[in-house]
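Produce the complete structure using the sequences and hints provided.
Number of protein chains: 2
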Amino acid sequence: MSNKVSFIGTGNVCWHLSQILEESGNTICEIYGRNTIKAKQIISGLFDCKVKNDLDFFDSEANIFVLCVSDDAMQEVLDQLILPVNSILVHTSGSVGLDILEKWLVFSENESVSIGVFYPLMTLTKGVEFDAQNLPMCIEANTELAESILVKMAQKFSKTVFIVDSEERKVLHLAAVLANNFVNHLWVLTQKLMDAHDLDMALINPLLLETAQKAIKSQNLAMVQTGPAKRGDSKIIKKHLQMLENEPDIQKVYRVLSESIFNEHHEQ
Amino acid sequence: MSNKVSFIGTGNVCWHLSQILEESGNTICEIYGRNTIKAKQIISGLFDCKVKNDLDFFDSEANIFVLCVSDDAMQEVLDQLILPVNSILVHTSGSVGLDILEKWLVFSENESVSIGVFYPLMTLTKGVEFDAQNLPMCIEANTELAESILVKMAQKFSKTVFIVDSEERKVLHLAAVLANNFVNHLWVLTQKLMDAHDLDMALINPLLLETAQKAIKSQNLAMVQTGPAKRGDSKIIKKHLQMLENEPDIQKVYRVLSESIFNEHHEQ
Numbered sequence: 001m002s003n004k005v006s007f008i009g010t011g012n013v014c015w016h017l018s019q020i021l022e023e024s025g026n027t028i029c030e031i032y033g034r035n036t037i038k039a040k041q042i043i044s045g046l047f048d049c050k051v052k053n054d055l056d057f058f059d060s061e062a063n064i065f066v067l068c069v070s071d072d073a074m075q076e077v078l079d080q081l082i083l084p085v086n087s088i089l090v091h092t093s094g095s096v097g098l099d100i101l102e103k104w105l106v107f108s109e110n111e112s113v114s115i116g117v118f119y120p121l122m123t124l125t126k127g128v129e130f131d132a133q134n135l136p137m138c139i140e141a142n143t144e145l146a147e148s149i150l151v152k153m154a155q156k157f158s159k160t161v162f163i164v165d166s167e168e169r170k171v172l173h174l175a176a177v178l179a180n181n182f183v184n185h186l187w188v189l190t191q192k193l194m195d196a197h198d199l200d201m202a203l204i205n206p207l208l209l210e211t212a213q214k215a216i217k218s219q220n221l222a223m224v225q226t227g228p229a230k231r232g233d234s235k236i237i238k239k240h241l242q243m244l245e246n247e248p249d250i251q252k253v254y255r256v257l258s259e260s261i262f263n264e265h266h267e268q
Numbered sequence: 001m002s003n004k005v006s007f008i009g010t011g012n013v014c015w016h017l018s019q020i021l022e023e024s025g026n027t028i029c030e031i032y033g034r035n036t037i038k039a040k041q042i043i044s045g046l047f048d049c050k051v052k053n054d055l056d057f058f059d060s061e062a063n064i065f066v067l068c069v070s071d072d073a074m075q076e077v078l079d080q081l082i083l084p085v086n087s088i089l090v091h092t093s094g095s096v097g098l099d100i101l102e103k104w105l106v107f108s109e110n111e112s113v114s115i116g117v118f119y120p121l122m123t124l125t126k127g128v129e130f131d132a133q134n135l136p137m138c139i140e141a142n143t144e145l146a147e148s149i150l151v152k153m154a155q156k157f158s159k160t161v162f163i164v165d166s167e168e169r170k171v172l173h174l175a176a177v178l179a180n181n182f183v184n185h186l187w188v189l190t191q192k193l194m195d196a197h198d199l200d201m202a203l204i205n206p207l208l209l210e211t212a213q214k215a216i217k218s219q220n221l222a223m224v225q226t227g228p229a230k231r232g233d234s235k236i237i238k239k240h241l242q243m244l245e246n247e248p249d250i251q252k253v254y255r256v257l258s259e260s261i262f263n264e265h266h267e268q
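For the protein sequence lines, the chains are A and B, in the order given.
Per our numbering, residue 1 is the first one in the first sequence, and the count goes up by one each step.
Per our numbering, residue 1 is the first one in the second sequence, and the count goes up by one each step.
Some clues are possibly wrong.
No copy is singled out in the list; a pair is fine if it fits within one copy or between any two copies.
As a list, the in silico DSSO-like pairs of lysine-lysine whose alpha-carbon atoms are at most 27 Å apart [stated by the list, open to error]:
1) K126 / K40
2) K103 / K159
3) K230 / K252
4) K192 / K214
Because the hints were derived from the structure by calculation, they are not lab data.
Encoded structure:
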């Protein structure tokens, strides 16, 4: 089954999902954005999609509406949103529950609309291509029919589609902060250290990639842990803390993570 | 030029380097290890290599000796080590200077021996194959001739060979702790969180790999940083800290890394 999809929002998620959904056989009808220039940029990469200037979609041909504005802007958009009968409204946020759409359903005059979540668990950047097969999709819906339509739409492009409720999705979002945001930041600190000593990142880039590949292959990540904190090698840890004396921020991160590794691997 | 190489030590580094050096055209003559069983396991994967039972290599045919014991065991081994004239002795440690070998050179009767370092900047595990082309090699030596022999030996298998002095190598070792040990630990914490909520790691594995791939492609890692701490989104940060109330260790890591990200991306 092919769907007709409209988007509300013009950010990274809209950029990627609109292309991915079109390429996997759906029709993208409209894109609404407060910023018309951004909306025009996105439709320029799509087959036959229009820019929409208001949030009254009552006469839209689309059967699925994808809300991908920032968490903070979501309520304001919902307050003005009007959808056609029997359509499906989803948001794409990791940290917002389905309840925000449930509330909308109660107070709007759109009783026939189904609601759900279509959350891609990935770091997406506009313009940076990403293989949709490897895009994990977390689906939630308030009716079985909507759930089945959303799952089928996701399975057309992704190998990894899971039904995830709002509580689980919040945990996933937190896990993604640890696994992506914090990890990238550690590499920012690595780069700072390398730059300060005129060392070429080419020396360490293979290690970044192997760290990820090894982790994915491993069933138990604690088993592949190595390093001074794992061994409880206080001599090296002290040396490293000394070397970081002029970088108090990195030193603090070093101390807390070494402590956490030590606690994880030694009987307390 | 092809070298004859003997190893002292039977750990992960010996397992990998002996195979890589043999496959890139060198002859592996002997492996010394206190643990004979481990030494036998390693030679079973090599063409014609013998187990050596003592540290007197005076009559050895090898011209290069690779010391790959743990930092703590290095001095004890050096105290007994005797090498043939005009050979090269290297260690493979990121955190030990060349000075430990300089001292050996002064106090032993091996004045004709050259010394150096042959440090692979990688997380290596016995039995886990690794593409040697992507193994960054850091070389140091006390003579130009030895340096040139070691560089050529490394370039036969690796695309990334750098001359790195002892001070720089210590920085690299610290950088590797941030980039590998700490990152792997963040993924250990991620796995703990996922397991505690019965969530499948398959959902988040693509994110780990993309995090690394994006970082490597980026010239400026701070530019690809995303997430609540980067945005200064205190609402989400508070929510996450609340969710981690029963995991004080992860909560502490979350707090310190979020603070560090915030400091990095906001004027202080």
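*Since the copies are identical, ignore which copy is meant and state whether K103 and K159 lie within 27 Å (CA to CA) inside a copy, between copies, both or neither.*
neither (32 Å within a copy, 58 Å between copies)
*Since the copies are identical, ignore which copy is meant and state whether K126 and K40 lie within 27 Å (CA to CA) inside a copy, between copies, both or neither.*
within (14 Å within a copy, 54 Å between copies)
*Which holds for K192 with K214 at a C-alpha limit of 27 Å: within a copy, between copies, both or neither?*
Both ways: K192 and K214 sit 25 Å apart in one copy and 17 Å across, limit 27 Å.
*For K230 vs K252, is the C-alpha pair at or below 27 Å within one copy, between two copies, both, or neither?*
Answer is both; intra-copy 18 Å and inter-copy 18 Å each pass.
Hint compliance for this structure: hint 2 is the single one not met.
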